[in-house]
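Please construct the entire structure, taking both the sequences and the accompanying hints into account.
Same order as they appear, the protein sequences are chains A and B. So the first sequence is numbered by numbering that gives the first Met the number 0: it starts at 0 and just counts up by one. So the second sequence is numbered by numbering that gives the first Met the number 0: it starts at 0 and just counts up by one.
These aren't lab readings, by the way, just hints derived from the structure by calculation. Since the structure is predicted, the reported quantities are computational estimates derived from the model, not experimental observations. Glycine included, C-beta positions come from ideal geometry on N, C-alpha and C. One thing to keep in mind: the hints can contain errors.
[To be verified] Some chain B residues judged to face chain A by a derived CB distance under 10 Å, without partners named: (1) Phe21; (2) Val57; (3) Lys59; (4) Met60; (5) Asn62; (6) Trp63; (7) Phe131; (8) Gln159; (9) Leu175; (10) Ala176; (11) Ala236; (12) Val422.
In case you want the letters, here they are:
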Amino acid sequence: MELLVAIIIGSLTAVGTYLMLRLRTFPVIVGLSLLAYAVNFFLFASGRLMLNSPPLLYVEGPHTDGLPQALTLTAIVIAFGMTAVAVIMALTAYLNGGSDKLDMQNEAPEVTPEERGQ
Amino acid sequence: MMHFMVLPLIITAVMAPALLFFRGQLVIQRTLSLVTTAVLVVICAMLMVQAATGEISVYKMGNWDAPFGIVMVLDRLSALMITLTALLALGVLVYSIGTNWDDRGAHFHPLYQFQLFGLFGAMMTGDIFNLFVFFEVLLIASYGLMVHGGGRLRTQAGVQYIIYNLAGSTLFVFSLATIYAVFGTLNMADMAAKAATLPPEDAALVRTAGAMVLLVFAVKGALLPLHFWLPNTYTHAPAPVAALFAIMTKVGAYAILRVFTLIFGPSLALTGTLFSDLLMPAALITTVIGMIGVLAGGSLARVASFAAVGSMGTLFIAIAPFTEDATVAALYYLVHSTLAAGALFLVIDMVQARRGSCALDLRAPMVQSGLVAGLFFAAAIATTGLPPLSGFIGKLFVLDALRDHPLAVWVWGVVLVTSLVAVVGFAQAGSIVFWKAHAVKADTTPAAPATGVALAGIGGILALIVLMTVAAGPLTDYLADTAAQLYAPDGYIGAVLGGEG
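Next comes the structure, spelled out in structure tokens:
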């Protein structure tokens, strides 16, 4: 089971990292989601892998560690919210700039008339 | 009084959503936000006085004992950081109100308070997973603030910033999982207590976990080669937000100081000097690249952004040896570079508002050219480390503290040469914007934007820089005590875990 989990985490991380390096918003966001899956799985496994054992102390043992499961839930929620933010921002940037490329030229910041206090 | 130390967290956490109820009512939002931030300054200063006695206050969330519950810890370092944050935040807030920056997009004030909530939390928490959560809080708020006001370039830079930090957060969770797998705990004091008893066969995992955490904080602290997010973000962020972000990189520096003195301390045999050896070359290169960027910026905002990278490099040079003397220098430079960067970005915004752009090209002189040039001169002197302002004292401390370091020649060479390069870069940028402008004829004379309140914001931050120059003696006494407390982690561990340890 350890081998299977390790292979899954490893391949998710590899694919996620590769997609992150694509420098276009869509593959990068998909890559980030895959990385988030990988990290959630990794976090889950950090409490050691055990089969058929409850995380509750009042049930007869052996017990599995419940804390990483709680941490994973937190991480899932945060990753989910962050992906939503990233999608919205990428969409706004695409609609504003007409390009989904991530790299930028060296330009001076824009100043709107409003920002000039006029 | 035991609840007093979490007041900065509670006030910001309550005010941020409360301000949302007053959307569209700018006067009420401004008043509430200003009053809140001013109260925060007072509370943080009181907490600093309390921490200056050497007492380490611990607040157990829900009264659950550590290491099972989450604790907030207030020692000298945390108190210094929250006070610095509150002071900078007040100056920046006054400036954004005075220049109407807060009116150029929705929800500036609620996001601002959320940002402070995340910053205070990250600086006070004693639990490393909670540190991650507070990092996320401050990042979410900063995503909103970063694109405040909109615009094509700003949104693009915002996407870069978000994606870079999402990757950083993912790495943080990876390192947390590794840490939990080795230590079996997430409470920093508990980890510190357990670190000494780990068997030697765990050395590889401990080193991996430590290096991963170091990478995460290096992303925050814009340490080369992980600094790529900073120049675009700071250049295109709204100026007051860029000024507030001056404290964000310092959160990375703070976290490194905290984790690598407490958990992976220099006395831990399993890791030895590994992290010091990793940090020092990176810090030297960061300083060099940052200051070269100052020469080649192309616009004042980018010049200032690279100056921020360079100053982080100098800061990490002082952090890297993990000795008490060097840490005193690092803390002084940390306070100084936060204030200097904050003031510099605000002055650049004044240039943009009057000149239409901060690009380094020839344009007619701006209105109030003398005033803005004077402010820029002061901020540039502080940033580059020329006498008489605190940058000079800060760099002097750094050089003095590292005299006996094995890489002392490199440190001295890099710090001194890059300071000269920065002076040249700022002199060149300033002379194009303020001096050569007089050769160009103006077509029209635009009206001067409102200045009074905005000047109070910048003036306040510059006054703090002068104050920390004049009061360098008392300040370094406090910082020396702070460093002593950091390198005697038993006090921290004892305070968190209680007598029974």
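Which of the stated hints cannot be reconciled with the structure, identified by number in ascending sequence?
Of the numbered hints, 1, 2, 3, 4, 5, 6 and 12 do not hold.
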